[in-house]
Amino acid sequence: MAEAVAPVRPNVSLAQRAWRIRHNALRMAAVQGQGYIAQALGIADVLAVAYFHALRYRADDPHWEGRDRFLLSTGHYAIALYAALIEAGIIPEQELETYGSDASRLPMSGMASYTPGMEISGGSLGQGLTIAVGMALGLRRKNSDALIVNLLSDGELNEGATWEAAMSAAHWRLDRLIALVDVNSQQADGPSQQMLGFEPLAAKWQAFGWHVQRIDGNDIAALVAAFDAARSHAQPSPRVILCDTRMARGVGFLEQREKAHFIRVAADEWQSALGALGEMPA
Amino acid sequence: MSTDRPRLTTSAMIASLAAEGQRIRAAPFGHALAALAARRPEIVGMTADLGKYTDLHVFAAAYPDRFYQMGMAEQLLMGAAAGMAREGFVPFATTYAVFASRRAYDFICLAIAEENLDVKVCCALPGLTSGYGPSHQATEDLAIFRGMPNLVIVDPCDALDVEQAVPAIAAHRGPVYMRLLRGQVPLVLDEYDYSFELGRAKLLRDGNEVLVISSGIMTMRALEVAEQLRADRIGVAVLHTPTIKPLDEAAILEQAAKPGRIVVVAENHTVNGGLGEAVAALLLRHRLAPPFHQVGLPDAFLAAGALPTLHDRYGISTAALATRIRNWL
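Order-wise, the sequence lines are chains W and L.
Heads up, the first sequence is in this note's numbering, so the first residue is 39 and it goes up one at a time.
Heads up, the second sequence is in this note's numbering, so the first residue is 2 and it goes up one at a time.
Okay, chain W solo, but in the shape it has when bound:
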């Protein structure tokens, strides 16, 4: 790493970071009594490794020019990113209570103009990777070696623009660009493979000219190795890490619940969910 991250609470392990991200997300969802909590719990390990192993940033200066850019194109994952940004010290922890409330800096869908550390406005799915291509070209013009990391959902692979961007990233040899695809296999109307089949996923990205890794996105050791391999890969191609994740990971009774894009959690279940998360790992 060119510059060491200076994380708050440096003695905390990545597993503990992931636990704390889940914990923050559950507390936010409890405020609203709703939220895309299954996605947040599923992606927490990816965010823990991204923010506490892979990315360069300055918590007290979210616009620092030398930062690595993390682009969330799935706007509804904002709850997960807020949880990570709180853990990273970019958003004060007390703001967690405002999630989704009027005048909060933490709206339900992530928007750049609202939140420190939010690079783009997501929500119109399929735009993130196109913006990432432009930022990568712009950073190259500035001779910056900053990484551009775009977290997208498997549902966004339905969007044609994602593949326009995938072709373009390879065309321009954007070797500082890392796409993270959350393959949780669940879209708004049902299982992803029943919506618009996208397998074989690794072969598709390979054919588009990307360096491809497919890993268990809830395995922290595998995520660390994948980020390291993506960073050190010698060929001038963009990199993608396909992360197979389990929705609601870490809260047993929600993992067992019928899979849905927007899982229902009763008002009295949020405390149970926090309980089910258990104690922070040692």
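Errors might be hidden in some of the hints.
Quick partial rundown of chain L residues pointing at chain W, CB under 8 Å, derived from the structure [to be verified]: (1) Ala62; (2) Pro65; (3) Tyr69; (4) Gly84; (5) Glu88; (6) Phe90; (7) Asp194.
So these bits of chain W aren't anywhere near chain L, every CB distance computed over 12 Å [what the hints assert, rightly or not]: (8) Val50; (9) Ala150; (10) Gly172; (11) Phe291; (12) Arg295.
For the record, the hints were derived by calculation from the structure and aren't laboratory data.
Each residue gets a CB set at the ideal place from its N, CA and C atoms; glycine is no exception.
Fit chain L to the given chain W structure using the hints.
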């Protein structure tokens, strides 16, 4: 169609709008952008496989390392332009007006306009300036873009307007949509005491019987009509309104409030949702009710054919405009 003249054929897609013998300037957009780029190093040019057809190739030849060929992918073009702007550059992104307004709308809206990013979307073939049929005729681009917050919309008249608009829109911080005239572009406005100012409408000539409020190539047509009607002692004032949004409300109200004139709004665009309706609403809000007429394209998918034929048929040629104004007097 009249039978006493040879049947015209559809010209090349990017046929010049210049009448025979009319003064022209070549590629005013490309030359103006290349000139501006010399003192604005943050300007980059981006296109979706239409560099030659939007005159961006002039910029590309002057600044090859600041030119980005994004391929025939308009959504990517606009998303990538947003990313470039986020990193501090000022992209001029070019394609045809149909593709920007119809295909890439969501990307311009959310990736660019919602963030108020400094991207200039400059598009050839605005309105009815191609004989290729609806796939290439952006007859509703202004209606589409007028609903987009933050977006400034410019519809220049001629080569002078285009080349003066380029530095003006670059100086504006925020997203702009500019309708582009490219290739051999007529030169008209240098004969008037005129300069382009973003957000300002300019009275090019005065007259006591008719006020034409116009944008784009219809200003050129209105000036020709005004000259023709002068021979019949009919005075035609022409208020050129190259900035469609934000509209120069003060200038329009001042002119429309002068008594005794019919008001004609002329635009190279469908009568729905463009300059005509914008002016109508403005006048009504201010309780002005002069005799009011709209000249624009019909609410229809238009035919393919030769541009002069189509402009006659759909009422935006100089002859058609003159006839309609005479009938309204």
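Since Arg295/W was said not to touch the interface, does its Cβ keep a gap of more than 12 Å from each Cβ of chain L? For Arg295/W, whose nearest Cβ neighbour in chain L is about 32 Å away, the distance exceeds 12 Å, so it holds.
For the hint on Pro65/L, just tell me whether its beta-carbon gets within less than 8 Å of chain W. violated, 13 Å
Using the nearest Cβ pair, does Tyr69/L come within less than 8 Å of chain W? holds, 6 Å
Does Ala62/L hold up as a contact with chain W if the rule is Cβ-Cβ below 8 Å? This hint is violated: Ala62/L lies away from chain W, its Cβ roughly 19 Å from the closest one there, beyond 8 Å.
Verify the interface restraint on Phe90/L: the C-beta must sit less than 8 Å from at least one C-beta of chain W. With a minimum Cβ separation of about 6 Å from chain W (threshold 8 Å), the hint on Phe90/L holds.
Can Gly84/L be said to touch chain W, with a Cβ gap under 8 Å? Holds - the Cβ of Gly84/L comes within 8 Å of chain W, reaching about 2 Å at its closest.
12 Å cut-off, C-beta based - Ala150/W kept clear of every residue in chain L: violated, 6 Å
Minimum Cβ-Cβ distance from Val50/W to chain L exceeds 12 Å: Non-interface label stands for Val50/W: nearest chain L Cβ at 31 Å, farther than 12 Å.
Minimum Cβ distance from Phe291/W to chain L greater than 12 Å, as the annotation requires: holds, 37 Å
Interface restraint verdict for Glu88/L against chain W (beta-carbon cut-off 8 Å): Holds, about 3 Å.
Confirm or reject the statement that Gly172/W sits farther than 12 Å, beta carbon to beta carbon, from all of chain L. violated, 2 Å
If you take the shortest Cβ to Cβ gap from Asp194/L to chain W, is it below 8 Å? This interface hint is violated because 41 Å lies over the 8 Å limit.
Of the numbered hints given earlier, the model fails hints 1, 2, 7, 9 and 10; all others are met.
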